[in-house]
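> With chain E's structure known, arrange chain L on it following the hints.
Quick note, the sequences are listed as chains E and L, same order. Under the working numbering, the first residue of the first sequence is numbered 1, with each subsequent residue one higher. Under the working numbering, the first residue of the second sequence is numbered 1, with each subsequent residue one higher.
Hints in this document: simulated from the structure, not taken from any laboratory. Please note: incorrect hints may appear among the correct ones.
[Claimed, not checked] Listed next, the stretches of chain E that the computed footprint assigns to chain L, with coverage defined by at least 3 CB atoms under 8 Å from CB atoms of chain L:
#1 63-71
#2 121-131
#3 270-279
[As the list claims (entries may be wrong)] Simulated DEER-style distance windows between Cβ atoms:
#4 E/15 x L/526: 53 to 61 Å
#5 E/94 x L/526: 50 to 58 Å
#6 E/308 x L/580: 50 to 58 Å
#7 L/561 x E/144: 20 to 28 Å
#8 E/10 x L/650: 48 to 56 Å
#9 E/228 x L/627: 52 to 60 Å
#10 E/15 x L/571: 23 to 31 Å
#11 L/661 x E/309: 48 to 56 Å
Cβ atoms here follow ideal geometry from the backbone N, Cα and C, with glycine treated the same way.
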Amino acid sequence: MMRPGQGRALRMLERAERWLFRIGTPEPAPIRLVQRRIYVLPTPAGLAFAAALATMLLASINYNLSLGYGFVFLLGGTAMASMVHAFRNLLGLSIRAERCEPVFCGDTAGFVFSIDNTRNRRRPSLSLRAHGQQVGFDTGPAQLTRVCLPCPTTRRGQLSPGRTVIQTTWPLGLIRAWSVFVPEQHCVVYPAPEPDPPALPEDAGADAGMRGRSRDGDDDFTGLRTHRSADSPRHVAWKVLARGGPMLTKSYASWSSPDLVLDWSQLPQQLDDERRLSRLTAWLLAAEQHNRRYALKLPGCEVASGQGKAHLECCLGELARFGAPREEA
Amino acid sequence: MIGRLLRALPIRRHSTAPPERALDRRQGAWLLGGAALTLAPHALWLPAWASALAALLLCWRGLLLWRGKRPPARLLLLAVAVAVAVGVRLEFGHFFGREPGVTLLALLLGLKLLESRAARDIRAGVLLCLFLQLAIFLEDQSLPVAALALGASLVTLGALVALADPGGPQREHLRTATLLVAQGLPFMLLFFVLFPRVQGPLWGLPADAFSARTGLSETMDPGSISELSLSSAIVMRAVFDGAPPAPTQRYWRGPVLTEFDGRTWRAAPFVEAETPFYVVSGPRLDYTLTLEPHNRRWLLALDFAGSASPAIRHASDYHALAVTPLRVRSRLALTAYPDILTGLEEDADVLSAALRLPADSNPRSRALAAELAAGAASDRETLARVIDYLRSGRYIYTLRPPLLGRHSADEFLFDTRRGFCEHFASAFAVLMRAAGVPTRVVTGYQGGEINPVDGNLVVRQSDAHAWNEVWLTGSGWVRVDPTALAAPQRIDDGLAAALAEFDGLPLMLRADMEWLRALRYQWEAVSNAWNQRVLGYDTERQRALLARIGFERVDATTLAAILSLATAALFGVLYLWAIRQRRAQDPLERQWARFCTRMARQGLGREPWEGPLDYADRLARARPGQADALRTICASYASLRYGRDVDKDALNALRHRIDALRNP
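For reference, chain E alone in the conformation it holds in the complex (with noise of 0.2 Å):
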């Protein structure tokens, strides 16, 4: 939970941390919490906790009353104990950052992470933060936990988590033990598609006509033939093998308009780039949708034309990454 005010002190803290730490480069999986990399330090409740003790402590001076010092050392002693308890629930928890689903800019990405406890004891008020979100859970005794922790998007490209911290206030809520890590993960923020997008831009071409094309597709059944590994269990004729004959696979195909070219150099010329960026994403959603072939045409790259899932993860993760240094493979 942020409060306004801790805001600065946050940002202060995180500075202060990747200059002792050296926290900037992203770590392989999986990421390993052992003691020197948690840190502990008490909250503002565990503040006002010691506060009160110390009241406590004058009282007991003051009225001579030789069970309040015992009282409120009692109290200091249990606080420390909570601390090495707090440290404990983090030590030796070990992370690794899953890939994560793209989503379209303004969506909420998911970073998921699977936390493994090796520990045969429960671990209790675990919670993990990054990008000023936070998501709480437990892990049971010996159990590989996954947790998503949502974060909305602001601009397409690639998101990482970044700077995530792991944090835990058990058993008191008067200590909090942390680690920071900074996960190797990225998830792919598509542009958002325009709301209200022209219609699809059918290629004028002379060729292009009326003339359809049979294709495998999945509209209208055109017989069976034989097997192959990659076939969708759903398109296996299950009946005939039922009957004790081959695994055969039901072919379907579908009749199509013609390739459609989504070229960013045909856009009007007053549209910026996240603009035609917006565009092209929601016509390629479009002919998707519309079980059309399309071709997307970008400056200084080109996805030739197809259809499907894969193609148009292709294409969107093109529009994403439009205009970022391309890495060298």
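For chain L alone, coordinates are given in the frame of chain E:
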């Protein structure tokens, strides 16, 4: 004041704060349980209406929680808070001081719980509980109260755990809280023993810091001592260096009363000095006295106190005084000289004061005294005649004497003939004064019993007593105990033996409750040990203890150094506990990890993505000499890990193979 109260009241002003999870039923049960345990012992000391209101507030909260309803409106709570403030004001007349403070705190806890919505409110409630658990020690630091406070703090800490871990099972919360407290105990012992003790108070205490206690007072009228006799509360404990004195010598001297108005005896002004007003001589008794606080200066020392310590003052009427009123349980090393003669050359003023009688009171007693004194050769003979008269008078010693009027001595001597020690002492003094012999009344305690468990001589309120001193030429002040004339057992065997029937005596003092008495001896010995070792642990004892473990002269710096070193050591032990529990792998995984680590040391660590068989291939290529052994190990791990049934022998075989790798 209202402004302060409003600020102290739980009214949240930052409505912009993010909404936190509301108190759920199980967390609420922890918190309410802790609060109930905390408030329970306070009920003995709080005003009845405050206890009832606090209980009502807790029940109200419990009901709301059980029904899953929202806390009541803030305005309603504010009204209750104002009513509480008014009530406290009416009860105590002010807000400052110990009792109104604790009362306000107790009611504030109820109000805070009622309005608790967010985690912060709950934490504030927990802190209030802890404050109240400390506050109970202002009233009572006995063993049962300490145990109750410990239980309450355990449950309160459990509430904090339940708050941090709302999903966890209840039993685990209790387990965690207990473990935390258990791990806090060594810290507590360490700090309790080594933390520098400051003899308080640090600043002025409120006027009511020490409430009135029962005990002797500076006046005596018929009935005042018999009232005390109904209480078996402990006044003091004494440990003698040698054998304790005989019961007939156990006179613990309190205030000496000389002035008489016909009914009430009062203390006369006395002079105070650092040395006694008598010359000490004769046999000497050394003893240590532990006095319960009575908020007065007198020490109730055994007759007659020697000059043992600068903390003692002596009064001209021979009772010993402390420098300041005894507000805490105090231990004193004292000496007594039972056989010395006192007041051989007594001041004429003192003697004439010891002869004064109000002119218009007790006419029949005066007449009797004149009759007895007539023809007596000396004061000594007069004394003997008066003693004879009282002894032969068939006076009855009883805890429930009839009420007496204005001429108390007359009524006792001639009409009712039943009385307690104050009646005997008063009537005796009137007779003697009327006969012309200087006489005064001494109050204090007489007797006490030895606890067979720890050998302490215990003196109780029921041992309160009044006796006389008569001044005789050549002998000075001579002790005469007229009660002994009527009931000699009172002096030899104590109160219970002297009374005809049980006569309203407290249960614990009765002679026929043998087993109960044995139980009480045990319990009082334990309490005494607790009082001496734990509650009486002060600067003095701390120094003695440190000297015994080899630190002769410690200053604050050394103490701080020892304390921090020991704390660091305790932390080290806790840290080891934390990392020891880190691994709880199954035996197969442990063997496999051992193997991988050993390979990694030779630069052949397993990559995270490598399965056992791929790893085996790589290892075999890198170490062709051991290829077979390495392959066997990896293959048997794979079959044990992913195979159908795991058998123990195969696991042992794997372990032996890994061991055998040690010598390549």
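> Please check whether residue 561 of chain L and residue 144 of chain E have a Cβ separation lying inside 20 to 28 Å.
47 Å, violated
> Are there at least three residues in the stretch 63-71 of chain E whose beta carbon sits under 8 Å from a beta carbon of chain L?
holds (count 9)
> Given a hinted range of 53 to 61 Å, is it respected by the beta-carbon distance of residue 15 of chain E and residue 526 of chain L?
Cβ of residue 15 of chain E to Cβ of residue 526 of chain L: about 59 Å, so the range 53 to 61 Å holds.
> Hint says 50 to 58 Å; check whether the CB-CB distance for residue 94 of chain E and residue 526 of chain L agrees.
52 Å, holds
> Could you see if the CB distance from residue 15 of chain E to residue 571 of chain L stays within 23 to 31 Å?
29 Å, holds
> Is the hinted range of 48 to 56 Å satisfied by the C-beta distance from residue 10 of chain E to residue 650 of chain L?
53 Å, holds
> For the pair residue 661 of chain L and residue 309 of chain E, does the Cβ-Cβ distance stay inside 48 to 56 Å?
49 Å, holds
> Does the beta carbon distance between residue 308 of chain E and residue 580 of chain L stay inside 50 to 58 Å, or does it fall outside?
55 Å, holds
> Establish whether the coverage given for the stretch 270-279 of chain E by chain L is satisfied; the threshold is a Cβ-Cβ distance below 8 Å, and no fewer than three residues must meet it.
Answer violated; 0 residues pass the 8 Å Cβ test.
> Given as covered by chain L, does the stretch 121-131 of chain E meet the bar of three residues or more with CB within less than 8 Å?
Answer holds; 4 residues pass the 8 Å Cβ test.
> A range of 52 to 60 Å was offered for this pair. Does it hold for the Cβ distance of residue 228 of chain E and residue 627 of chain L?
Given about 39 Å between the Cβ atoms, the range is violated.
The structure fails hints 3, 7, 9 (numbered hints given earlier, in ascending order).
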